[in-house]
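Following the hints, complete the assembly by docking chains B, C and D onto the known chain A.
Number of protein chains: 4
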Amino acid sequence: MTDITLETRVRDSFARQTMMQTLDAQLVSIAPGRCVIRAPIVDHLKQQHGAAHAGLAFTLGDTAAGYAALSVMGEETDVMTVEMKINLLSPALGDALEAVGQVMRAGKRLTVVTAEVFALQGETRKSVALLQGTMIPVAQR
Amino acid sequence: MTDITLETRVRDSFARQTMMQTLDAQLVSIAPGRCVIRAPIVDHLKQQHGAAHAGLAFTLGDTAAGYAALSVMGEETDVMTVEMKINLLSPALGDALEAVGQVMRAGKRLTVVTAEVFALQGETRKSVALLQGTMIPVAQR
Amino acid sequence: MTDITLETRVRDSFARQTMMQTLDAQLVSIAPGRCVIRAPIVDHLKQQHGAAHAGLAFTLGDTAAGYAALSVMGEETDVMTVEMKINLLSPALGDALEAVGQVMRAGKRLTVVTAEVFALQGETRKSVALLQGTMIPVAQR
Amino acid sequence: MTDITLETRVRDSFARQTMMQTLDAQLVSIAPGRCVIRAPIVDHLKQQHGAAHAGLAFTLGDTAAGYAALSVMGEETDVMTVEMKINLLSPALGDALEAVGQVMRAGKRLTVVTAEVFALQGETRKSVALLQGTMIPVAQR
Numbered sequence: 001m002t003d004i005t006l007e008t009r010v011r012d013s014f015a016r017q018t019m020m021q022t023l024d025a026q027l028v029s030i031a032p033g034r035c036v037i038r039a040p041i042v043d044h045l046k047q048q049h050g051a052a053h054a055g056l057a058f059t060l061g062d063t064a065a066g067y068a069a070l071s072v073m074g075e076e077t078d079v080m081t082v083e084m085k086i087n088l089l090s091p092a093l094g095d096a097l098e099a100v101g102q103v104m105r106a107g108k109r110l111t112v113v114t115a116e117v118f119a120l121q122g123e124t125r126k127s128v129a130l131l132q133g134t135m136i137p138v139a140q141r
Numbered sequence: 142m143t144d145i146t147l148e149t150r151v152r153d154s155f156a157r158q159t160m161m162q163t164l165d166a167q168l169v170s171i172a173p174g175r176c177v178i179r180a181p182i183v184d185h186l187k188q189q190h191g192a193a194h195a196g197l198a199f200t201l202g203d204t205a206a207g208y209a210a211l212s213v214m215g216e217e218t219d220v221m222t223v224e225m226k227i228n229l230l231s232p233a234l235g236d237a238l239e240a241v242g243q244v245m246r247a248g249k250r251l252t253v254v255t256a257e258v259f260a261l262q263g264e265t266r267k268s269v270a271l272l273q274g275t276m277i278p279v280a281q282r
Numbered sequence: 283m284t285d286i287t288l289e290t291r292v293r294d295s296f297a298r299q300t301m302m303q304t305l306d307a308q309l310v311s312i313a314p315g316r317c318v319i320r321a322p323i324v325d326h327l328k329q330q331h332g333a334a335h336a337g338l339a340f341t342l343g344d345t346a347a348g349y350a351a352l353s354v355m356g357e358e359t360d361v362m363t364v365e366m367k368i369n370l371l372s373p374a375l376g377d378a379l380e381a382v383g384q385v386m387r388a389g390k391r392l393t394v395v396t397a398e399v400f401a402l403q404g405e406t407r408k409s410v411a412l413l414q415g416t417m418i419p420v421a422q423r
Numbered sequence: 424m425t426d427i428t429l430e431t432r433v434r435d436s437f438a439r440q441t442m443m444q445t446l447d448a449q450l451v452s453i454a455p456g457r458c459v460i461r462a463p464i465v466d467h468l469k470q471q472h473g474a475a476h477a478g479l480a481f482t483l484g485d486t487a488a489g490y491a492a493l494s495v496m497g498e499e500t501d502v503m504t505v506e507m508k509i510n511l512l513s514p515a516l517g518d519a520l521e522a523v524g525q526v527m528r529a530g531k532r533l534t535v536v537t538a539e540v541f542a543l544q545g546e547t548r549k550s551v552a553l554l555q556g557t558m559i560p561v562a563q564r
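Residue numbers (this note's numbering), protein chains in the order written: chain A, 1 to 141; chain B, 142 to 282; chain C, 283 to 423; chain D, 424 to 564.
Bound-form chain A, shown alone (with noise of 0.2 Å):
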């Protein structure tokens, strides 16, 4: 698959994701193994604390892991999480959440992804999050 292809396809997939809108995410980057999304923090996605909500950064994290995944399978597949782990590290505080996903092992049946998310706030960039988890190809519609 060229770099081309691989881009449209996942922007594609990226674009039916309801939720990503939702959250305002963007695609920063797709790589084969490798791809970054970002979102601002907003007042709408905060848990009680005032930080963001750890369910954005998972859904972030999450998300490009599974197109970090995607990015290594066949043309004709898409891609779901079997299961995730997510350790957070520091509250979320900041302008922006970005996270970069990525794969660790790519099997015939299972692709093993990490990726870890960050708390963009100016010129600054923390570590907030670390995620491990297993993907899984499936039919596409």
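Because the hints were derived from the structure by calculation, they are not lab data.
Just so you know, not all the hints are guaranteed correct.
What the hints assert, rightly or not - Just the calculated beta-carbon pair ranges, DEER-fashion: (1) D:Ile427 - B:His185: 58 to 64 Å; (2) C:Leu402 - A:Pro40: 40 to 46 Å; (3) B:Arg157 - D:Glu498: 39 to 45 Å; (4) C:Val310 - D:Pro463: 26 to 32 Å.
Built from N, CA and C at the ideal position, the CB exists for glycine as well.
Then chains B, C and D, alone, in the frame of chain A:
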């Protein structure tokens, strides 16, 4: 802490979580060691296949587990997620998701929790996700 | 598969796991979707505080969960762990550890399992660890 | 804490872990935030397919991660595993396993760690497992 105090305290905290309003989530019940939350599966919270996004199941499960933990902590404390793992059992299709959070062990420093997320469709109730994680008390602001 | 076939098949596989012999572990029971394993807490399997090593609780829980999964798979298959998470609830002190593995969802491609590990001391039985993970069928050799 | 103090302290603790002796494990190196442990893959620590048991990879990874965490904690403390997740990437075949534990974030109350486990065979070194978890300081006895 009386059950009325507990209910008031959790409802207050829940109301401050803007993420819960964005998801149109409702606190169904709270009792010592157990919390139930429900949210409709709506068009703007889906993944690319039309099922609810894994991030929605995670966010509801994590929040139900967090309030279950808070219910067994001291009155002056609040709660944060240390880490959480989710296994997705089935696509989250239906009218709504219901998350049932439970305390498995309340320790002085940490509380171990689980949550199960069900997809509700008409009269049926299907388990779609299992979560297991750790909560920590933090000073209330 | 009859229960006798299942029992024979699991006992054969268990006997080939030399790790189980090193831990002096015994297969207590096997039934469709559920497996119980027990091992003594002995001096040579401890951590630096004198409790059983987390690795012992993990190994027993993982193995009980694996055989629970195998019990619902086809006769010609064997089973491997995809991923497993353990939360340690209490120090594993006592005479023996007992691991109870259970199938939460048996799928065509993957099986989701949980396990609980108990420390046995005289008449008491205390929960010391919770596990949640994923098993995959593999071709039998 | 000087590096000599750190090395002495970790070697003393390691020597008290009888499980490490049973596995014939050796402490290869310890430095602030990083610990390497190695153990031979021997006949009595295998699963039913002849590869090293998942429990061996877990035990080595968990222990390397634990000492990495201890290396950044106060001198009077010891360390325990709160929770740990392992993804198995490949069958653990070869002469030995090497676990590399690393601190990802050292907090006041908790330390987040990762570990990678490699199978060593002749000159080759293959990644067979990834771990991500949480360590907690405990009073030294």
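Here is how each hint holds up against the structure:
1. D:Ile427 - B:His185: 58 to 64 Å: Hint holds: Cβ distance 59 Å, inside 58 to 64 Å.
2. C:Leu402 - A:Pro40: 40 to 46 Å: Hint violated: Cβ distance 53 Å, outside 40 to 46 Å.
3. B:Arg157 - D:Glu498: 39 to 45 Å: holds (41 Å)
4. C:Val310 - D:Pro463: 26 to 32 Å: holds (31 Å)
Violated hint for the displayed structure: number 2, the only one.
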